[in-house]
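Peer 1: Chain residues, written in single-letter form:
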Amino acid sequence: MLQVEGVAFQRADGGQVRHILQDVSFRLASGQVAAVWGPSGSGKTTLLNVIGGLLRPYAGAIRVAVSDAPDRTRDIAVHALSSAERLRYRRRHVGFVFQFLNLLPTLTVEENVLLPLELNGLGDRADAALGRLEALGIADLAQRFPDALSGGEQQRVAIARALAHAPALVLADEPTGNLDADNAARVADCLWDQVRDAGAGLVLATHNERLAQRADTVVGLRQ
Amino acid sequence: MTAPLPGLRLLLRHQLRYLARTPAATAAQVLGTALGVASVVAVHLVSERIQARLDADSVTEYTHILRAESLTEDAYFELRARWRSGMVPGVEAMVPVVEGYGDVEGQPRRLVGIDMLADGRPSETGSEGPRGAAVDLLTRDAVLAGKALGLAPGDVLRLNDTDVAVVGVFGSTADWLVADIATARSVLGRADPTAVWIRSGADAPALERWLPGITAGLRQPSALDLGQGLRARPWSEAEPTRRFALALLFNLGALGMLALFVAAFLVYQSAHANVARRRASDTQLDALGVPRGSLRLLFVGEGILLGLLGAGLGIGAGWALAALLVQGPQPSQDILSLSAVAVAKGGACGVAVAGLGAFAAAVRSRIRALRYGWAAGATLLLVLSVWSGTLAGAFGIVLALCLLQIAVVVPGAGQALKRLFERGRPPVGIVHRVAVRSVADQLSEVHVAVGALSVAVAAAIGIGIMVESFRRDFAGMLDQRLWEGVHVETTAPLPDTAASLEWVRAAPGVTDVRAYGRASVSLDGISARVTLTRGDVAEARRYGYGSAFPQAVLLNENGARALGVEAGASVRLAGKRGTRAVEVAHVFRDYGAPGPRIIAVADHLEPLLDGVAHDSFSVLTDDGQRDAMAAALEERFPGADVRDHVELRRLALEVFDATFEIASQLTLIALLVAVAGLYNALSELQARRRGENRLLYTLGVGQGRIALLSTQQNAVIGIAAAVLAIPLGLAIAWVLCVEVNPAAFGWSIPWTPTVGSILLPVALGIAAALLAGLAPTRAAAHAVTGAARHELA
Chain A
1 MLQVEGVAFQ RADGGQVRHI LQDVSFRLAS GQVAAVWGPS GSGKTTLLNV IGGLLRPYAG
61 AIRVAVSDAP DRTRDIAVHA LSSAERLRYR RRHVGFVFQF LNLLPTLTVE ENVLLPLELN
121 GLGDRADAAL GRLEALGIAD LAQRFPDALS GGEQQRVAIA RALAHAPALV LADEPTGNLD
181 ADNAARVADC LWDQVRDAGA GLVLATHNER LAQRADTVVG LRQ
Chain B
1001 MTAPLPGLRL LLRHQLRYLA RTPAATAAQV LGTALGVASV VAVHLVSERI QARLDADSVT
1061 EYTHILRAES LTEDAYFELR ARWRSGMVPG VEAMVPVVEG YGDVEGQPRR LVGIDMLADG
1121 RPSETGSEGP RGAAVDLLTR DAVLAGKALG LAPGDVLRLN DTDVAVVGVF GSTADWLVAD
1181 IATARSVLGR ADPTAVWIRS GADAPALERW LPGITAGLRQ PSALDLGQGL RARPWSEAEP
1241 TRRFALALLF NLGALGMLAL FVAAFLVYQS AHANVARRRA SDTQLDALGV PRGSLRLLFV
1301 GEGILLGLLG AGLGIGAGWA LAALLVQGPQ PSQDILSLSA VAVAKGGACG VAVAGLGAFA
1361 AAVRSRIRAL RYGWAAGATL LLVLSVWSGT LAGAFGIVLA LCLLQIAVVV PGAGQALKRL
1421 FERGRPPVGI VHRVAVRSVA DQLSEVHVAV GALSVAVAAA IGIGIMVESF RRDFAGMLDQ
1481 RLWEGVHVET TAPLPDTAAS LEWVRAAPGV TDVRAYGRAS VSLDGISARV TLTRGDVAEA
1541 RRYGYGSAFP QAVLLNENGA RALGVEAGAS VRLAGKRGTR AVEVAHVFRD YGAPGPRIIA
1601 VADHLEPLLD GVAHDSFSVL TDDGQRDAMA AALEERFPGA DVRDHVELRR LALEVFDATF
1661 EIASQLTLIA LLVAVAGLYN ALSELQARRR GENRLLYTLG VGQGRIALLS TQQNAVIGIA
1721 AAVLAIPLGL AIAWVLCVEV NPAAFGWSIP WTPTVGSILL PVALGIAAAL LAGLAPTRAA
1781 AHAVTGAARH ELA
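Chains as they are written, first to last, in this note's numbering: chain A, 1 to 223; chain B, 1001 to 1793.
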């Protein structure tokens, strides 16, 4: 459902061109996990931003198979989308989990989870989205604000939000980077289970080797 | 032993590089300070200029005027000799004056001849008013023309068969001519002076120099005893428009204080924001063990330095702004001078307040305590001000209310909204809940800037209501009081009163003549002036009363306040020949009256009084006869003060409107200053919220919608500031109308708020918030993609 073919990204830096990504290629099927692994500064976040439509690649192609209706799928050529089209693609077909600042501090847990549904006009899926809070063991926190949650709880809310609108793809950037080992393992389990359960693809950027080894595909990046 | 400021050299280098690497934020403090200082300087210079214009219109750098039937040239020289020998204390200068009406192309024109050299002070070239052109006037057959006459230097007038050259113009509403006394004597054919103008007392108090106009309500000169039966009357009594003009100036001074207050908060906010933006590096330095004292010293030093730079720019900008306001956009030879006091005032505001703002930001752990301190101080000030019941106390009430608005009301409203929105669900979509709840946070976080905007809107509401109420009532009073006629006041009882009045009644075009007598009485032990008149319905209506009052008296507000009585009360009236209880039928407003006064019927009270001076009368004429009548009366009663009521009304309203036109411009400056303060605060807030906006953008909220959300937030901030300003504005207006003006002048202004006087400032406040948020909103929307690129590093 995701094809990344020869993707390159560069930027000007003080009159010189700096190559951030060069010829990155991999494929991912629905329900599978790809781990983008590499040291700091190797371009993991940039690759996620390119796949998520936040940045346009310098070269290469990114295709995502999405389902607009049962039994009807189509490919989106992300690399060729305009800025407005990338915004719609990101809003409807991608879910995000970050290391920091995952949640809007002025919204409750429930409101954070319902936000993607409102943005996509999918209010009828609210029950299913909130049901995921139950599955993640945080249903009793629904009316709390993020600043009243622990780091692990916040990441679980972020997972629920990332999957609320049933996206084709979930992009997670170091989702366990600021958690202790126990919490990191629990959050990773939740992420894996929920993504597989939703039938989405997961692209995970991490420099955690153990986490990367759990993935179906590992994309190695060098500095 | 450790150095008092270890690592100072490196810290200084760090600080300077930080300022250099964030030029926009550094410039924001300098420009914020400059704008605040500019408003302080502009308001000061405009107030100084208005004061100078009022003085020029009234020719009253002189404080008293002596008119006497017996005033001959010999009498004047005798008086001057006694003064020079020290026998007339309290007089600084005296000049003889010859006044009268001359004929210019068939129109009578008032000519005032002043002995410029008698004052003994050097002429002030370039200053407003006759003394500024004294040297030119000494030329034979030269005059200065009041600006309202529409003449220009170089024009030649035929005045009573003499050609006189116009060598300059003066004033803004004056419609008379000024000449040297020798020219006036020659043109008017009079040898003896008709009056002596006297300047008494000390120079303006220091407070007046720092807050022009504010002491106008404190100065109430009394009559001067010159010995040998001569008494000079205060100009404010002899010329009610002068006293009224002082009232306008005083209220303008009050507005200047409010503008100063708003500007100080802008400077404070700018300096505070400049230090607050470095909290992250500040925390690092703190963790490294840099003493807090060193950091505070550096921040305060930086605040003062940037404040100095901003003050320098602001002083220049304030001068330019004031010049634009008083001179208009056209180049003019009338260059506005920059006074040392204005420079010192603006500079002190810029430097000291910037240092205070930087200090407050540097001691951030105590900010909450500081806010509580402000709130406690303001509450104490409010209690003491209400308790004192004085004029200073009335100003204290306004100041305390403004402080409470910033320290308590605005952040309190933010906290209340935050609780309300967090506990309940605002009836808007989830995305908009982000905006609504953020506003509640913002009201708490930038309460100083929002509070300053709120105070500026409140000042606009308060001043607007006061001015509107004042003008409505004043115009109404003028309509009632000033008949379409000429009023004549002589310095001594009319010679052969009955014959004199008969002569006036027989004059062509005269429809009625009303004679008045003056005397002094005691009302419940307080001395008061009595005006004796007919007491018919027509006379009663002049004072806003609808019935004849044959057995009662009308009492002015000053008297009612002094006696503590209202309409319907009975007071004990004591004259030299007897005592009687009289009923107060009505209490009337008496703008311009310096003390208690009653209007009574001559037949009713005259038997109790001794020494009633029948020395004034009003002449009602047919249309078009007033000027000729005034000239005829001047001729018939030399030395009398002849006033055209219609002209008096026009002049009074012109002075009023000219003064308060500037007032509305000053209100706009205060709002602009608040816009700058809010801009700084919103920029800081948007920078802090970049992460949230970036998250929204990642989730698929477009830049346009993020900008819209930000604009909605700014609008809500503006609405909140403006709505919170309404009660404060009404309170400011109430204090000005019901406390300040009565305490300063003895008269009250009816507190009559109108929808227009509230809605316009409210709309301006909301527009100001939207304007202030334009650039930060654009920056916020742009920053979401900028942040994405930044992440690549």
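Hints may contain errors.
Stated by the list, open to error - Short derived list, chain A residues pointing at chain B, Cβ under 7 Å: (1) Leu81; (2) Glu85; (3) Arg91; (4) Phe96; (5) Leu104; (6) Thr106; (7) Leu122; (8) Arg125; (9) Asp127; (10) Leu130; (11) Leu179.
What the hints assert, rightly or not - Restraint ranges, calculated between C-beta atoms of paired labels, are given here: (12) B:His1014 <-> A:Ser25: 43 to 51 Å; (13) A:Asp13 <-> B:Ala1344: 15 to 23 Å; (14) A:Gly14 <-> B:Tyr1372: 24 to 32 Å; (15) B:His1014 <-> A:Asp68: 53 to 61 Å; (16) B:Ser1444 <-> A:Pro70: 21 to 29 Å; (17) A:Phe100 <-> B:Ala1344: 46 to 54 Å; (18) A:Arg18 <-> B:Ser1281: 24 to 32 Å.
Think of the hints as simulated: they come from the structure by calculation, not from any bench.
The C-beta atom is built at its ideal place from N, Cα and C for all residues, glycine as well.
Peer 1: Each of the hints needs a verdict: does it hold here or not?
Peer 2: Consistency of the hints with the structure:
1. The interface hint given for Leu81 (chain A) is violated, since its Cβ lies 13 Å from the closest Cβ of chain B, which is over the 7 Å cut-off.
2. Taken as an interface hint, Glu85 (chain A) does not check out: its beta carbon lies about 11 Å from the nearest beta carbon of chain B, beyond 7 Å.
3. Because the beta carbon of Arg91 (chain A) sits about 2 Å from the nearest beta carbon in chain B, less than 7 Å, this interface hint is met.
4. With 7 Å as the threshold, the beta carbon of Phe96 (chain A) comes within range of chain B, its nearest partner Cβ sitting at about 5 Å, so the hint holds.
5. Interface restraint check: Leu104 (chain A) against chain B, minimum CB-CB distance 6 Å, threshold 7 Å, status holds.
6. Among the interface hints, the one on Thr106 (chain A) holds; its C-beta lies about 4 Å from the nearest C-beta in chain B, closer than the 7 Å criterion.
7. With 7 Å as the threshold, the beta carbon of Leu122 (chain A) stays out of range of chain B, its nearest partner Cβ sitting at about 12 Å, so the hint is violated.
8. Interface hint status for Arg125 (chain A): violated, as the beta-carbon distance to the closest one in chain B is roughly 14 Å, over 7 Å.
9. Below 7 Å, beta-carbon pairs count as interface contacts, and Asp127 (chain A) has none with chain B, the closest being about 16 Å; its hint is therefore violated.
10. Residue-level restraint check for Leu130 (chain A) is violated (minimum Cβ-Cβ distance to chain B is 13 Å; threshold 7 Å).
11. Because the closest C-beta pair between Leu179 (chain A) and chain B is about 19 Å apart, greater than 7 Å, the hint is violated.
12. Between His1014 (chain B) and Ser25 (chain A) the beta carbons are some 46 Å apart, a value that agrees with the proposed interval 43 to 51 Å.
13. Checked against the hint of 15 to 23 Å, the C-beta distance between Asp13 (chain A) and Ala1344 (chain B) comes to roughly 51 Å, which is inconsistent with it.
14. Range check, Gly14 (chain A) to Tyr1372 (chain B): Cβ separation about 50 Å, and the 24 to 32 Å hint is violated.
15. Between His1014 (chain B) and Asp68 (chain A) the beta carbons are some 56 Å apart, a value that agrees with the proposed interval 53 to 61 Å.
16. Distance hint for Ser1444 (chain B) and Pro70 (chain A): a CB-CB separation of about 49 Å, inconsistent with the stated range 21 to 29 Å.
17. For Phe100 (chain A) and Ala1344 (chain B), the Cβ-Cβ distance of about 51 Å falls inside the hinted range of 46 to 54 Å, so the restraint holds.
18. For the hinted restraint 24 to 32 Å between Arg18 (chain A) and Ser1281 (chain B), the CB-CB distance of approximately 27 Å keeps it satisfied.
Hints 1, 2, 7, 8, 9, 10, 11, 13, 14 and 16, counting from the list given before, are not met by this structure.
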